[in-house]
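One-letter residues, chain by chain:
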Amino acid sequence: MTSNSLVYLIALPLFGAAVLLLSGRRSDRWGHIFGTLMSAGSFAVGVSLFLKMLGNPTGERALTQKLFSWISVGSFQVDAGLLADQLSICFVLLITGVGTLIHVYSIAYMSHDLDRRRFFAYLNFFIAAMLLLVLGDSYLNLYVGWEGVGLASYLLIGFWNQKPTYATAAKKAFVANRVGDMGLSLAIMIAFATLGTVSFQGVKEHASQASTGSLTAIGIMLLVAATGKSAQFPLQAWLGDAMAGPTPVSALIHAATMVTAGVYLITRSNFIFDLAPIAQLAVAIIGAITLLFGAIIGMAKDDIKKALAASTMSQIGYMVLGAGLGPAGYAFAIMHLLTHGFFKAGMFLGAGSVMHGMNDEVNMRRYGGLRKFMPITFATFGLGYLAIIGVPPFAGFYSKDKIIEVAFNAGGFKGIALGTAALLGAMITAFYMTRVVILTFAGSKRWDDKAHPHESPFLMWAPMVLLALGSVASGFFFTRGNSLRNWLAPVVEATPSHEGELLSPAVVSILALVLVAIGVGYAIIKYLLNEVPQVAPADVTEFTKAARKDLLQDNFNEAVFMRPGQSLTRGLQVADTKLIDGAVHGIARFAIGSGNLLRKTQTGFVRSYAMWILAGAIALVATIWVVTL
Amino acid sequence: MNPANYLYVSALLFTIGAIGVVVRRNAIVVFMCVELMLNACNLAFVTFARINGNLDGQVVAFFTMVVAACEVVVGLAIIVTIYRSRRSASVDDASLLKR
Numbered sequence: 001m002t003s004n005s006l007v008y009l010i011a012l013p014l015f016g017a018a019v020l021l022l023s024g025r026r027s028d029r030w031g032h033i034f035g036t037l038m039s040a041g042s043f044a045v046g047v048s049l050f051l052k053m054l055g056n057p058t059g060e061r062a063l064t065q066k067l068f069s070w071i072s073v074g075s076f077q078v079d080a081g082l083l084a085d086q087l088s089i090c091f092v093l094l095i096t097g098v099g100t101l102i103h104v105y106s107i108a109y110m111s112h113d114l115d116r117r118r119f120f121a122y123l124n125f126f127i128a129a130m131l132l133l134v135l136g137d138s139y140l141n142l143y144v145g146w147e148g149v150g151l152a153s154y155l156l157i158g159f160w161n162q163k164p165t166y167a168t169a170a171k172k173a174f175v176a177n178r179v180g181d182m183g184l185s186l187a188i189m190i191a192f193a194t195l196g197t198v199s200f201q202g203v204k205e206h207a208s209q210a211s212t213g214s215l216t217a218i219g220i221m222l223l224v225a226a227t228g229k230s231a232q233f234p235l236q237a238w239l240g241d242a243m244a245g246p247t248p249v250s251a252l253i254h255a256a257t258m259v260t261a262g263v264y265l266i267t268r269s270n271f272i273f274d275l276a277p278i279a280q281l282a283v284a285i286i287g288a289i290t291l292l293f294g295a296i297i298g299m300a301k302d303d304i305k306k307a308l309a310a311s312t313m314s315q316i317g318y319m320v321l322g323a324g325l326g327p328a329g330y331a332f333a334i335m336h337l338l339t340h341g342f343f344k345a346g347m348f349l350g351a352g353s354v355m356h357g358m359n360d361e362v363n364m365r366r367y368g369g370l371r372k373f374m375p376i377t378f379a380t381f382g383l384g385y386l387a388i389i390g391v392p393p394f395a396g397f398y399s400k401d402k403i404i405e406v407a408f409n410a411g412g413f414k415g416i417a418l419g420t421a422a423l424l425g426a427m428i429t430a431f432y433m434t435r436v437v438i439l440t441f442a443g444s445k446r447w448d449d450k451a452h453p454h455e456s457p458f459l460m461w462a463p464m465v466l467l468a469l470g471s472v473a474s475g476f477f478f479t480r481g482n483s484l485r486n487w488l489a490p491v492v493e494a495t496p497s498h499e500g501e502l503l504s505p506a507v508v509s510i511l512a513l514v515l516v517a518i519g520v521g522y523a524i525i526k527y528l529l530n531e532v533p534q535v536a537p538a539d540v541t542e543f544t545k546a547a548r549k550d551l552l553q554d555n556f557n558e559a560v561f562m563r564p565g566q567s568l569t570r571g572l573q574v575a576d577t578k579l580i581d582g583a584v585h586g587i588a589r590f591a592i593g594s595g596n597l598l599r600k601t602q603t604g605f606v607r608s609y610a611m612w613i614l615a616g617a618i619a620l621v622a623t624i625w626v627v628t629l
Numbered sequence: 001m002n003p004a005n006y007l008y009v010s011a012l013l014f015t016i017g018a019i020g021v022v023v024r025r026n027a028i029v030v031f032m033c034v035e036l037m038l039n040a041c042n043l044a045f046v047t048f049a050r051i052n053g054n055l056d057g058q059v060v061a062f063f064t065m066v067v068a069a070c071e072v073v074v075g076l077a078i079i080v081t082i083y084r085s086r087r088s089a090s091v092d093d094a095s096l097l098k099r
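Chains as they are written, first to last, in the numbering used here: chain A, 1 to 629; chain B, 1 to 99.
None of these hints come from the bench; they were simulated from the model. Bear in mind that the values here come from a model prediction, so they are computed numbers and not experimental data. Backbone N, C-alpha and C fix where the C-beta goes; we use that ideal spot for every residue, glycine too. Check each hint, because a few of them may be wrong.
[As the list claims (entries may be wrong)] Quick list of simulated restraints, FRET-style, between CB atoms:
1. B:85 with A:575: 45 to 51 Å
2. A:589 with B:52: 53 to 59 Å
3. A:612 with B:16: 15 to 21 Å
4. A:589 with B:85: 38 to 44 Å
[Said to hold, decoys possible] Per the computed footprint, the stretches of chain B lying under chain A, defined by three or more beta-carbons under 8 Å from a beta-carbon of chain A, are:
5. 16 to 25
6. 87 to 95
From just these sequences and the hints, can you work out the full model?
Written out as structure tokens, the structure is:
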């Protein structure tokens, strides 16, 4: 079905960004309200579209809109078209819904910032780009949004770019994303070369005709793209530094929406991955590695935002793992993505609220006992916490346990390995999240007298409350009668497979809960019953030290990519100055030198010229004489 | 009389003129030496005309004389002008093009 209102989803926030950026300081007084209204308008359009889709029969729910013919070269036709199917609309509601809440939050959070209008312009631009990403009906349209969110992320991480470290963090994120973007562009090129089309519909129809090799290549390249955007191993190093951005940005872009674009890409490309088992396995393995990687880093971070960032990385690892498990996992990956969007955004906003009350202190070792001073923040953060560690009936319990269960039931050694990793991750998650909550809200106060912790204003806690409600109820709502799974079925073709399962849902839930209890218990013993030092202890194992430094990922990148790259550029520079410039300068120097030599013959004395003429004449005569002899 | 003797005289005159041009500094003398070389050539032309029994060489000799006359007019005028401005007729002093 076609719908003419799809474009308004993107146009409203884009218009907001344009107005706020172009009108300059004139819109300082009303810019934040205007930006929020644009985002809310987009949300309203999204809800109306969702209701319209609900009213249609299952097979005819997808809405399309052709905007204009974009590229038309021979047989290569790309239309700028929008597609809102069951998968896209989930993202649309998440992006605009959470996005609007975070706009509201930012009105208060950024109220003291002179550049608040610019901040809202970027936020609106991000919403527009992200919506284009999920609404594009071809890989090329998706790519435009993909680059747009990368730009928005860069601008917002470096929003306070007067601090050089923040500007560096923005650059780091941008460069890491570029590596992933290259994967996406290569995937599009391979898809066009082998299938002759880049639209989702076309690729889906023609995928079965392509060889497994080229499908695997496309799949791997899409995975590279996903690792860059979604901070998955081995391109995850930028996410921790991205916390340099204002906290609402961390909540919206680096927790709820943009970093999940990789999961969207893989789920959207299910028709490729289902035909390329190797690429699909690679996706699952990357997800499993990252969920452990992020969880381990999360245990060692004292910066509340970096701990949450590591947790985001880990949770997206779960989603990627789910998406890598094929048709059985897509729906649960998306479910975890949506529930994670609620609880992680809520917790980030909670962290922002804590920072707001603590003079922008981020070190959890300088918090402690804040629940008395910030009851609403504590309650909302606590609900998010219960959701992320997977306590029933909160959202994370439904989504995460399902992924663990599907992983175990993937069959054979693969299933056991992936399932064990996911279970272990759940235990570590419980540990580090409990640690965050205890260090921040429980125990005795460890801040100095300069801080005056207080509850945040209404505009800040209201979005947190709404997100907390989402973290409580969304899992139950999505699971009831398999509603989300059935909803997504036309897109991802979920086949409920309950035969030959290794562990039943009940066993997985009990196992997970036991491990979560162990993790929580250990954290309580370590941080609640024992004194927490204000400075991180230095006499720790090498492993902890490594975890504090992001498991040496930066060192690895520096040693393997940055230093050789630097040597290469330096070598090229030397080659340029010595070889190429040397050759050019050498020719010039030769001309100057020979000119100097010849100049010596030009004495200016007439008699010497006469001498030369005479000598030449004699030589001429002598030559003729010798020749004729 | 053997015509070759005229050629010897011509060569001798030319050599004297050439040496004069190279070793003397006074512009007037150098100029006269140039004339001497021209006349040596004329003598050689006339001699060859006599040896070969045609008038080609004599025609060239006349031609040379006309050109030499023009050259004397121009050359002397230049030398006089240089002398007036520099108070010297030395060819070594007139080396301004070097700088």
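A quick look at each hint next to the structure:
1. B:85 with A:575: 45 to 51 Å: violated (58 Å)
2. A:589 with B:52: 53 to 59 Å: Holds: the Cβ-Cβ distance is about 57 Å, inside 53 to 59 Å.
3. A:612 with B:16: 15 to 21 Å: holds (20 Å)
4. A:589 with B:85: 38 to 44 Å: Once the Cβ atoms are compared, 40 Å apart, the range 38 to 44 Å for residue 85 (chain B) and residue 589 (chain A) holds.
5. 16 to 25: Since 5 is at least three, the answer is holds.
6. 87 to 95: holds (count 4)
Checked against the numbered hints listed earlier, the structure breaks hint 1 alone; every other hint is satisfied.
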